[in-house]
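Peer 1: Given next are the chains, with one letter for each unit.
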Amino acid sequence: MTHANPNPALELRDLRKTFGKTPIIRGISLTVQAGERVGIIGPNGAGKSTLFHLISGRIEPTSGQILLNGQNVVGKQPFEINRMGLSRSFQITNIFPKLSVFENLRCSVLWSLGYKYTFFKFLMDLDDVNDRAQELMESIHLDKKRDVLAMNLTYAEQRTLEIGITIAGGASVILLDEPTAGMSKLETRHFIKLIRDVTEGKTLLTVEHDMDVVFGLADKIAVVVYGELLAFDTPEAVRADPRVQEAYLGSPVAAVTAPEAA
Amino acid sequence: MPPFWTTFFSRFETRRAGAYMVHPVDLGRLIIWGSYALILLLAPLVFTSSLSQTLLSQMGIAIIVCLSYNMLLGQGGMLSFGHAVYSGMGAFLAMHTLNLVSDGWPLPVSLTPLVGGLCSALVAVVLGWVTTKKAATPFAMITLGVGELVWAMALMFPEFFGGEGGISGNRVAGSKPFGITFGPQIQLYYLIATYTFVSTALMYAFTRTPLGRMLNAVRDNPERVAFVGYNPQVVRYISFIIAAFFAGISGGLAALNFEIVTSEVVSGYRSGAYLLFTFLGGATFFFGPILGGILMVLAFVLLSEFTKAWLLYLGLVFLFMVMYAPGGVAALLMMNVRLAAFGHLRRLWTCYLGLAGTALVALVGAAAMVEMVYHLQLNKAMGPEMNFMGATLNAHGTSSWFGAIYATATGVALFELCRREFVRQWGQANEDIEQEIKRRETA
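Protein sequence lines, in the order shown, are assigned to chains A and B. Start counting the first sequence at 1160; every next residue gets the next number (the working numbering). Start counting the second sequence at 2; every next residue gets the next number (the working numbering).
Okay, chain A solo, but in the shape it has when bound (with noise of 0.2 Å):
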């Protein structure tokens, strides 16, 4: 599908936007070709969760343009946005806590497969949504839990859930915010493997501050500092060049983790 199309999967025209009198995004200008997976780090506060809000539709830019697979996306509602093609997942894990986990994914997945509003048919009668919700579950390993309530589900659970809730409409841009953020260092290795499978072939952006993540998932790097782009590279350019090195990464280069085998 991405192929057919010969735009970016996702481009930024001189984004900005300000709270009150405080710029937080100061004209970011991006473009991330489709299937393209985009690690965007920087330094608490650079604004990299402000850009995914802005990106979702839950908030609007103060000027710019956001163009998703071509189409201006500014000015539209957060499921106008997921309708054509973006989702995303949040920092703080953002889940329907009292559904367990299949009907965590069945709600999911309704909209894509074009039940929208529909209340004449029965939910147990739809095979299209049950095998589809049935297939997320084993793919994110989570089908041994499948009545269980999503909010009785341990907290690695609750962020492999979340990203099965995220892909489930079969989106083809894919925004992560720091998926891994709390995880203990095994889980998070798993994870990035997880992540890696079920967003196969997708356009992906990462926002993440844990370095072996970044590196281990993303093809190329987006470094955000007081919200500018600083740079946008491969990670190997990223990690050359002196002035990320001064911004956000530190010297020497050596400090940061090698990247991970995932």
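Heads up, some of the hints might be wrong.
Stated by the list, open to error - Computed list of lysine to any residue pairs in SDA-like fashion (alpha-carbon distance at most 20 Å, straight line):
1) A:1303 x B:444
2) A:1275 x B:224
3) B:135 x A:1218
4) B:177 x B:106
5) B:134 x A:1303
6) A:1303 x B:436
7) A:1275 x B:134
8) B:309 x B:374
Stated by the list, open to error - One-sided and incomplete, this derived list gives chain B residues near chain A with beta-carbon spacing under 8 Å:
9) 104
10) 207
11) 209
12) 211
13) 212
14) 214
15) 215
16) 217
17) 221
18) 222
19) 225
20) 229
21) 235
22) 236
23) 239
24) 393
The hints are simulated quantities; they were obtained by calculation from the structure and are not laboratory data. Think of the CB as a built atom: it goes at the ideal place given N, C-alpha and C, for glycine as much as any other residue.
With chain A's structure known, arrange chain B on it following the hints.
Peer 2: Same frame as chain A, but now just chain B:
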């Protein structure tokens, strides 16, 4: 295979609507719905007095409206303070329809509640759009505002709402298929029972549709709903209209039942009663509001006969439930059913006996005091002597007051002792169940 009661009695959230469950021959569900129909069918044959027919008719009406209210509260997380607007408008519009039928409209009387429902849904199409724009506290505020608005309008437009006297009609009107006039209460009861059964079934079915499930999702996390493609506002809006439809049916049945509709039916007082009893019945289970509806009628019709202080008692019960059993009667019931399913209920029956006995002593003592205060305030002219549960109390006498205080204090103290023992045993039993479940999982 889960135990049979999980189908009907399960929480919305844990319901096993499995992808690979064979559903046409679900014996458990058949038993549940069959008994529900049987109870509705046989109730007036068991309780034959005219009072019980009145009560049963009102219960059916209350069950529908409480279930429809719980679509908002339990399933959608929408705390409405104005649900009576929709049951009330349904009642008024059904009553006007009934009067048109009396004037010769070719509509069977049995369909007037349906007309009430449809008209209510139309009202919700207009008012609901504003109401469901917001969720949570703003939603509650808007429902309050809309409720006040309609209440004020009811007093301003006597042509439609009938002013102080309300509007009345005669349900014996129009065609009489098979000689059914709905004149006798028993005939009307069976009309109400039919509506109750069908409405219950439809509202239950709704909880198992895509929209019904998304309504739960909107309750849990509206923001996430928006990021899986749904507009949470539209989910709330459509559900709100459906809830109003069933509320309108209930109102229409009430119009037929009482043959008079006054502006009281759209009041905030009425809305508050729906909230209170849906909550008491239990908002987290589908069948909770059915219990709530039954309790509502018992309280409004029976309790109010027994004592002038019934609202005070009701308030105390509500307070107690909010604090100690926020899941309502339904949750209390289901916790014990769970215990029974694992065979642990027997361990607790002595505790229950103790709790009930001590609570009764405390309650009688407290009630005696309340009744004495009410007697002094309201029946001054009749002297200080009064009758309380067969005993004669002197509201000015120290011995009566001392006795009441003594009973209350003793009851409360013993109750507390029983409660501690109960909490201990309850925890023990539940721990055993958890272990049992783990054992089964590994086996």
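Peer 1: Now look at each hint and say whether the structure bears it out.
Peer 2: Hint check results:
1. A:1303 x B:444: Holds, at about 15 Å.
2. A:1275 x B:224: Measuring from Cα to Cα gives roughly 17 Å; hence the hint holds.
3. B:135 x A:1218: The given pair, whose Cα atoms are some 17 Å apart, holds under the 20 Å limit.
4. B:177 x B:106: Between residue 177 of chain B and residue 106 of chain B the Cα gap is close to 13 Å, so the pair holds against 20 Å.
5. B:134 x A:1303: Cα-Cα ~38 Å, so violated.
6. A:1303 x B:436: Judged against 20 Å, a Cα distance of about 18 Å means the pair holds.
7. A:1275 x B:134: 19 Å, holds
8. B:309 x B:374: Judged against 20 Å, a Cα distance of about 11 Å means the pair holds.
9. 104: 36 Å, violated
10. 207: 6 Å, holds
11. 209: 5 Å, holds
12. 211: 5 Å, holds
13. 212: This hint holds: residue 212 of chain B lies near chain A, its Cβ roughly 4 Å from the closest one there, short of 8 Å.
14. 214: This hint holds: residue 214 of chain B lies near chain A, its Cβ roughly 6 Å from the closest one there, short of 8 Å.
15. 215: 6 Å, holds
16. 217: Residue 217 of chain B check passes; min Cβ-Cβ to chain A is 6 Å, inside 8 Å.
17. 221: Hint holds; residue 221 of chain B Cβ to chain A Cβ min 4 Å, cut 8 Å.
18. 222: 5 Å, holds
19. 225: This hint holds: residue 225 of chain B lies near chain A, its Cβ roughly 5 Å from the closest one there, short of 8 Å.
20. 229: This hint holds: residue 229 of chain B lies near chain A, its Cβ roughly 5 Å from the closest one there, short of 8 Å.
21. 235: With a minimum Cβ separation of about 6 Å from chain A (threshold 8 Å), the hint on residue 235 of chain B holds.
22. 236: 7 Å, holds
23. 239: 5 Å, holds
24. 393: Check failed: Cβ of residue 393 of chain B comes no nearer than 53 Å to chain A, outside 8 Å.
Checked against the numbered hints above, the structure violates hints 5, 9, 24; every other hint is satisfied.
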